[in-house]
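Novice: Following full-length UniProt numbering from start to finish, the sequence shown increments by one per residue and tops out at 424.
The hints are simulated quantities; they were obtained by calculation from the structure and are not laboratory data. Even glycine gets a Cβ: it sits at the ideal position worked out from N, Cα and C. Hints are supplied without guarantee of correctness; some may be wrong.
[As the list claims (entries may be wrong)] The calculated SDA-like cross-link candidates involving lysine to any residue, where the alpha carbons are at most 20 Å apart (straight line), are:
| no. | residue 1 | residue 2 |
| --- | --- | --- |
| 1 | Lys120 | Pro108 |
| 2 | Lys335 | Met365 |
| 3 | Lys120 | Arg98 |
| 4 | Lys120 | Gly84 |
| 5 | Lys120 | His144 |
[Stated by the list, open to error] DEER-style ranges, computed between Cβ atoms:
| no. | residue 1 | residue 2 | range |
| --- | --- | --- | --- |
| 6 | Gln56 | Thr247 | 28 to 34 Å |
| 7 | Gly313 | Ser30 | 45 to 51 Å |
| 8 | Val392 | Asp50 | 45 to 51 Å |
| 9 | Asp185 | Pro108 | 37 to 43 Å |
| 10 | Pro95 | Ala368 | 22 to 28 Å |
| 11 | Gln303 | Asp185 | 29 to 35 Å |
| 12 | Asp245 | Arg98 | 25 to 31 Å |
| 13 | Ala140 | Ala367 | 33 to 39 Å |
| 14 | Thr247 | Asp49 | 46 to 52 Å |
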Amino acid sequence: MASRALLAAWALALAGCQMTFIDEEGLRSSQLPPHALIVDGSSLGGRCDDAYSAEQALSPRTPWCSITRALEAAPRGWSVSIRGGAYPLLMARTPSARSAELLLQPYPLERVEIAGVVLKSQQYLRFQGLHFTGPISIQAGVSHVTFSDCDITSETPAAGVHVEAPVEDFSLVRCIVHDLREAGDGVSGRGFLADEAGARIRLLENRFLRLEGVGVRIANAQDLTVEGNQLPDSAQPFFITDSRDVTLRANRVHGSGGPVWLHGIEGLRLENNVFTGFVHWAVDLANVPGARILNNTLWGNGQGGIDLNDVSGPATVGVVLQNNILQTLDGLSAKAAAFAFEDYNLVGGGHFSGVHDVARPPMFMDAASLDFHLAPGSPGIDAALADGAPQVDADGRPRWDEPEVPDTGAGAPPHGDLGAFEGR
Numbered sequence: 001m002a003s004r005a006l007l008a009a010w011a012l013a014l015a016g017c018q019m020t021f022i023d024e025e026g027l028r029s030s031q032l033p034p035h036a037l038i039v040d041g042s043s044l045g046g047r048c049d050d051a052y053s054a055e056q057a058l059s060p061r062t063p064w065c066s067i068t069r070a071l072e073a074a075p076r077g078w079s080v081s082i083r084g085g086a087y088p089l090l091m092a093r094t095p096s097a098r099s100a101e102l103l104l105q106p107y108p109l110e111r112v113e114i115a116g117v118v119l120k121s122q123q124y125l126r127f128q129g130l131h132f133t134g135p136i137s138i139q140a141g142v143s144h145v146t147f148s149d150c151d152i153t154s155e156t157p158a159a160g161v162h163v164e165a166p167v168e169d170f171s172l173v174r175c176i177v178h179d180l181r182e183a184g185d186g187v188s189g190r191g192f193l194a195d196e197a198g199a200r201i202r203l204l205e206n207r208f209l210r211l212e213g214v215g216v217r218i219a220n221a222q223d224l225t226v227e228g229n230q231l232p233d234s235a236q237p238f239f240i241t242d243s244r245d246v247t248l249r250a251n252r253v254h255g256s257g258g259p260v261w262l263h264g265i266e267g268l269r270l271e272n273n274v275f276t277g278f279v280h281w282a283v284d285l286a287n288v289p290g291a292r293i294l295n296n297t298l299w300g301n302g303q304g305g306i307d308l309n310d311v312s313g314p315a316t317v318g319v320v321l322q323n324n325i326l327q328t329l330d331g332l333s334a335k336a337a338a339f340a341f342e343d344y345n346l347v348g349g350g351h352f353s354g355v356h357d358v359a360r361p362p363m364f365m366d367a368a369s370l371d372f373h374l375a376p377g378s379p380g381i382d383a384a385l386a387d388g389a390p391q392v393d394a395d396g397r398p399r400w401d402e403p404e405v406p407d408t409g410a411g412a413p414p415h416g417d418l419g420a421f422e423g424r
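Produce the entire structure from the sequences given, and follow the hints as far as they go.
Specialist: Quick look at the structure:
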């Protein structure tokens with residue numbers, strides 16, 4: 001009798017475990033978006049087969065084996081959910097006729113590792129929440145492609161993302177690009193590399209960590225936005241040349257070996273950036289006609305804030321320099337002829353002449369701890385010219401008028417603060 005009771009208890013416990021497993025699996029599958037095609041290279045939920053139809057691949061029990069199959073066969077408006085595990089290098093070179101975005105993301109609560117990506121003649125793809133253990137190569141004919149919330153690294157020397165031919169509408173959003181080694185080939189060790197960049201490139205809210213090369217190197221871009229990125233202790237954060245309509249906004253860099261290098265750019269907008277702790281100058285500018293440099297904080301660097309020295313190319317004229325906190329403004333070209341407007345800045349030294357410029361210590365909250373918000377009593381509070389200035393600060397907070405502080409700024413209210421941050 002005791003043995004039968006024990007067997008019955010074991011059977012009941014086993015049934016409970018099975019029910020728990022089934023319920024958990026059912027819960028995860030219920031989180032799938034509508035029309036989610038399943039790729040399961042390890043056959044976790046059922047035997048995979050790339051011969052299955054798209055309708056069959058909607059079930060976790062009859063999944064496809066390869067991501068390539070999903071790229072080639074996914075119907076318009078469907079998405080791809082990839083089961084956990086390690087996948088080989090993804091080679092997508094067959095020209096696609098895609099006209100709507102195809103989302104590729106991990107199966108709920110599972111981790112997906114892909115040993116790199118090569119894209120050629122591909123359009124309308126979004127890779128989201130994936131881990132890439134090898135480099136991403138973007139070749140000819142690529143447009144409307146986004147990598148978001150991804151982890152990108154490489155076990156061998158490589159660039160994290162290498163755009164090898166001009167692209168259109170390419171975005172890297174909220175990704176971590178890290179631990180890339182350099183091999184002296186001019187490519188490896190870079191976080192994002194695009195020497196023939198193309199049009200409408202967006203690098204938004206990424207983190208570039210432990211790179212032996214330049215964080216972001218771009219040339220020949222049209223309509224480039226680099227916004228909200230973090231590059232602590234980089235060899236050199238940004239190296240951007242020979243481009244048009246470039247915006248660097250709300251990026252944070254500390255402890256860089258080389259400067260932010262911006263040469264040969266027409267239509268440059270530099271605003272709400274925090275560049276501190278550089279070995280030499282924070283920003284090296286040359287041949288940037290019409291540049292608008294607004295509400296940046298450049299302080300605590302080895303030699304200064306901005307160095308402006310033209311080389312061969314269009315002369316730097318028509319620059320607007322307004323509402324910045326600059327350790328220095330240096331260079332042979334940093335003279336009155338370069339500026340359409342230079343005023344309402346806090347400048348530690350160099351060539352500045354605005355009647356409202358301030359030559360006093362900025363008084364940060366805690367610069368040693370990298371808190372560059374202005375402290376109470378700072379001469380930069382309510383000292384900005386509102387006209388043409390960004391309406392939000394580097395934290396995304398609205399610019400506002402501190403009612404207890406006398407306004408020394410001007411323009412249409414509110415009279416915000418100098419530098420990248422607004423108050424506390």
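Novice: Are the hints correct? Go through all of them and say.
Specialist: Evaluation of the provided hints:
1. Lys120 x Pro108: The given pair, whose Cα atoms are some 29 Å apart, is violated under the 20 Å limit.
2. Lys335 x Met365: At roughly 32 Å apart (the allowed maximum being 20 Å), methionine 365 and lysine 335 break the hint.
3. Lys120 x Arg98: Roughly 13 Å between the alpha carbons, so the hint for lysine 120 and arginine 98 holds.
4. Lys120 x Gly84: This hinted pair is violated, its Cα atoms lying about 25 Å apart.
5. Lys120 x His144: holds (12 Å)
6. Gln56 x Thr247: 28 to 34 Å: With a Cβ separation near 46 Å, glutamine 56 and threonine 247 fall outside 28 to 34 Å, so the hint is violated.
7. Gly313 x Ser30: 45 to 51 Å: Given range 45 to 51 Å: violated, Cβ gap about 59 Å.
8. Val392 x Asp50: 45 to 51 Å: holds (48 Å)
9. Asp185 x Pro108: 37 to 43 Å: holds (40 Å)
10. Pro95 x Ala368: 22 to 28 Å: Taking Cβ atoms as reference, proline 95 and alanine 368 lie about 55 Å apart, which means the hint is violated.
11. Gln303 x Asp185: 29 to 35 Å: Roughly 30 Å apart at Cβ, these two residues keep to the hinted range, so it holds.
12. Asp245 x Arg98: 25 to 31 Å: holds (27 Å)
13. Ala140 x Ala367: 33 to 39 Å: violated (47 Å)
14. Thr247 x Asp49: 46 to 52 Å: Holds, at about 47 Å.
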